[in-house]
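Following this note's numbering, the numbering of the sequence shown begins with 725 at its first residue and continues without gaps.
Simulated from the structure, these hints should not be mistaken for laboratory data.
Beta carbons are placed, not taken as given, at the ideal position from N, Cα and C, and that holds for glycine.
Careful, some of the hints might be misleading.
Claimed, not checked - Label pairs and their calculated CB-CB ranges:
#1 P1028 <-> L751: 25 to 31 Å
#2 G920 <-> A1114: 28 to 34 Å
#3 V823 <-> T1087: 25 to 31 Å
#4 V1179 <-> V764: 22 to 28 Å
#5 L751 <-> G1184: 14 to 20 Å
#6 P1028 <-> Q1221: 53 to 59 Å
#7 A1165 <-> I1282: 27 to 33 Å
#8 P1049 <-> A1114: 37 to 43 Å
#9 G1086 <-> Q775: 49 to 55 Å
#10 A960 <-> V923: 42 to 48 Å
#11 Q775 <-> F979: 50 to 56 Å
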Amino acid sequence: PRPRDIRVYPLLALLPIIVVAVFLVGLRWPASYSMPISYVTAALLALFVWQVPAIQVAAASVRGIIIAGGLLYIIFGAILLLNVMRESGGLAVVRAGFVGVSPDRRIQAIIVAWLFGSFIEGAAGFGTPAAVAVPLLIGLGFPALPAVVCGMIIQSTPVSFGALGTPILFGVETGLSGDANVLALARDLNMVDENGEVVWRQLQMAITARVAVLHTIAGTMIPLLMVTIMTRFFGANRSFTEGLRVWRFAIFASFAMTIPYLLVALTLGPEFPSLFGGLIGLGIVVTACRFGWFLPKEPAWDFPPRKDCPSDWFGTIEVHLSDAPKNLSGVMAWAPYGLLALCLVLTRLPELPIRSFLKDYGTLHFNGIFGTSLDAKLELLYLPGTVFIAVTLATFLLHRMTAAAYIRACRGSLKTIVKASVALIFTVPMVQVFINSGGGAAELEKMPIILATAVADWAGQAWPLFSPWIGGLGAFVAGSNTVSNMMFSLFQFEVGQRIGVDPLWIVALQAVGGAAGNTICVHNVVAASAVVGLAGREGIIIRKTLPVFACYAGLTGILGWIVVNVS
């Protein structure tokens, strides 16, 4: 039976998230222990409170397992590339090249995580930056734990325009399409064609401009936050000050990325801001390093010697680098990463036929799982995992590896992926049960909407302050800015209209919050940890990235509240 007090439902809907917060973040249990409890909690609520048919809960769970399989495929490819690069000697050459640019770990983190990571996010999205940038940091000599923390922190500003704009083009558009109020607003703004249909490109551009402005302001703090967290928690002196000493370089690197990012968003739309911003920023910042611009005058900062570091900083994947091979040039050593970036871009450009070919002929479809309306698909050829594996084969040839070395890399990668599978096999099904909990006999909205509605009713006119937090909640549980936007864009639009402010700004706050939520997203943390063999330490990572999300959501919420109340 239904609880009589309607206020009970938001609290019940919050239970799966409370389980994650208590066991994973608070008690620091491994995800392989805490996520099964969260899954069981969500399933029991769906069955006995929301009264969702058992067959739908089972279908949602199977859908989650299929999606988890795709994630594991990506993780395997990323680990394989790391191991192949280590076996070939390519990582040793790349490391030597970075030390030549700057031996300072703070500078290296900004270049690799913030700039190179933003470029990879723009090209591929879906957690790929952590799968590329984090192993590269490991290869440079970073302990695994700070490398993952850095890789997660930058998954904020670039994410709204990741994977060539997918969170806006697919997430927001899918969330808003078909609604009469959205159509009415489009007519008021003259964004309809001669048939009275919404011209989505114009609406996308309007939302993109708002999202880019918010990200450009908030993103300015990300590189400096990243290095101060790194020096505070992973330095010999445990000092915020050591991170703040590179403030000039950090702000310079921020603007080198965010200014092109903003200009591209305002002129070209949502497809290319992160990709071009990261690439242009990378060129500007590396050039500045070679001339010594904005670099700190003090000696280069480094992590403590390994013997003085806690053992939990290091993962099961060890990167022991010998001297750089003399027969492998810097250009050839970097070739796999350049090839990876090129392939990711080429396979994701909608204008090229390769994208549709990979999707049409390399996808397994699971329609109507168990006779329900839930579908799933596994895009084997289109997933970044295939690109990773193809690049490792190219590396085998380019670096003239032996077959024995490549086989060793494959064996090591398979061992690592087995350890990561337990956590993901429960994490993603929990998410799917949570977001597919509507339509039951209790006639309740699905759990995320009930949570968001309760916050909106409580917040009233102050809603813009809370809007990014709802977007972040969606990304936290769903593991995707795109899915968060699909779930909450229309809800955010309607709340904006209800409180009498520009609803497009509220949708933009949703998209920005959903991007920032990737810094604490459970299955992204699980995936990034798995790549470097840190399974079981997910809660420690989220404890470090949670303040970054709070700062990002809080700042953009304040900015949004000011904008909608002044305009």
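Evaluation of the provided hints:
Distance hint for P1028 and L751: a CB-CB separation of about 27 Å, consistent with the stated range 25 to 31 Å. Our hint of 28 to 34 Å for G920 and A1114 is violated, since their Cβ atoms are close to 46 Å apart. Remark: the range hint 25 to 31 Å for V823 to T1087 is contradicted by a beta-carbon distance near 43 Å. Range check, V1179 to V764: about 26 Å between beta-carbon atoms, so the 22 to 28 Å window is met.
Range check, L751 to G1184: Cβ separation about 35 Å, and the 14 to 20 Å hint is violated. Checking the proposed 53 to 59 Å range against P1028 and Q1221 shows it holds: the Cβ atoms sit about 55 Å from each other. Restraint check, A1165 to I1282: a C-beta distance of roughly 42 Å breaks the suggested window 27 to 33 Å. Distance hint for P1049 and A1114: a CB-CB separation of about 23 Å, inconsistent with the stated range 37 to 43 Å.
Range check, G1086 to Q775: about 39 Å between beta-carbon atoms, so the 49 to 55 Å window is missed. Separated by about 57 Å at the C-beta atoms, A960 and V923 break the suggested range of 42 to 48 Å. At roughly 53 Å, the beta carbons of Q775 and F979 sit within the given window of 50 to 56 Å.
Violated hints, listed in ascending order, are 2, 3, 5, 7, 8, 9 and 10; each of the other numbered hints is respected by the structure.
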